[in-house]
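*Asks:* Sequence:
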Amino acid sequence: MSDASIMSTRAPEPVGPYPHAKRAGNLLFLSGFGPRTPGPKSESLQKIPGVTLDENGAIVEYDIEAQCRSCFDNIVAVLEDSGSRLANVVDVQVFLTNIADDFQTMNKVFAEYFAGPPESGKPNPTRTTVEVTALPAPICVEAKVIATI
Numbered sequence: 001m002s003d004a005s006i007m008s009t010r011a012p013e014p015v016g017p018y019p020h021a022k023r024a025g026n027l028l029f030l031s032g033f034g035p036r037t038p039g040p041k042s043e044s045l046q047k048i049p050g051v052t053l054d055e056n057g058a059i060v061e062y063d064i065e066a067q068c069r070s071c072f073d074n075i076v077a078v079l080e081d082s083g084s085r086l087a088n089v090v091d092v093q094v095f096l097t098n099i100a101d102d103f104q105t106m107n108k109v110f111a112e113y114f115a116g117p118p119e120s121g122k123p124n125p126t127r128t129t130v131e132v133t134a135l136p137a138p139i140c141v142e143a144k145v146i147a148t149i
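First residue of the sequence shown: 1, per my numbering; consecutive thereafter.
If you are wondering where the hints come from, they were derived from the structure by calculation, not from laboratory data.
For glycine and all other residues, C-beta sits at the position ideal for the given N, C-alpha and C.
The following label-pair restraints were derived from C-beta to C-beta distances:
1. E61 <-> G25: 40 to 48 Å
2. I99 <-> Q46: 24 to 32 Å
3. F29 <-> V130: 14 to 22 Å
4. G116 <-> V60: 31 to 39 Å
5. D3 <-> A100: 37 to 45 Å
6. R127 <-> A66: 18 to 26 Å
7. D91 <-> S5: 13 to 21 Å
8. V60 <-> T133: 14 to 22 Å
All chains, full assembly: derive it from the sequences and hints.
*Replies:* The structure is reproduced here in structure tokens:
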């Protein structure tokens, strides 16, 4: 397969003009994924797992565990639709809007998906986690990965 942009039918439509993933040689670069439900942008921005919004679209309360699970599930779907798999992930970048309150929970959920000995089938990738002031949707976590194909 040549270098190509990839769109998944099992992931939420991107909020901007970019693909879900881009293959370059045997590397797969995923765009950032948050906890949105699969489907068109207009619908998925209204159905965000683990988020309660007010009438103006601002976050009233959130469940970071539910958001992380949704975020990582979106990544798994794009990996699989790209011809890769979770075990091929080599690097993860995680962005949190409240690292003081949410890091421990994110780390726990991250370990369920990514951390483990080689025989577990989990990739145990490198990771960077940073706090950001906002994300481009009413979410509290976003992650992007690099994997091999």
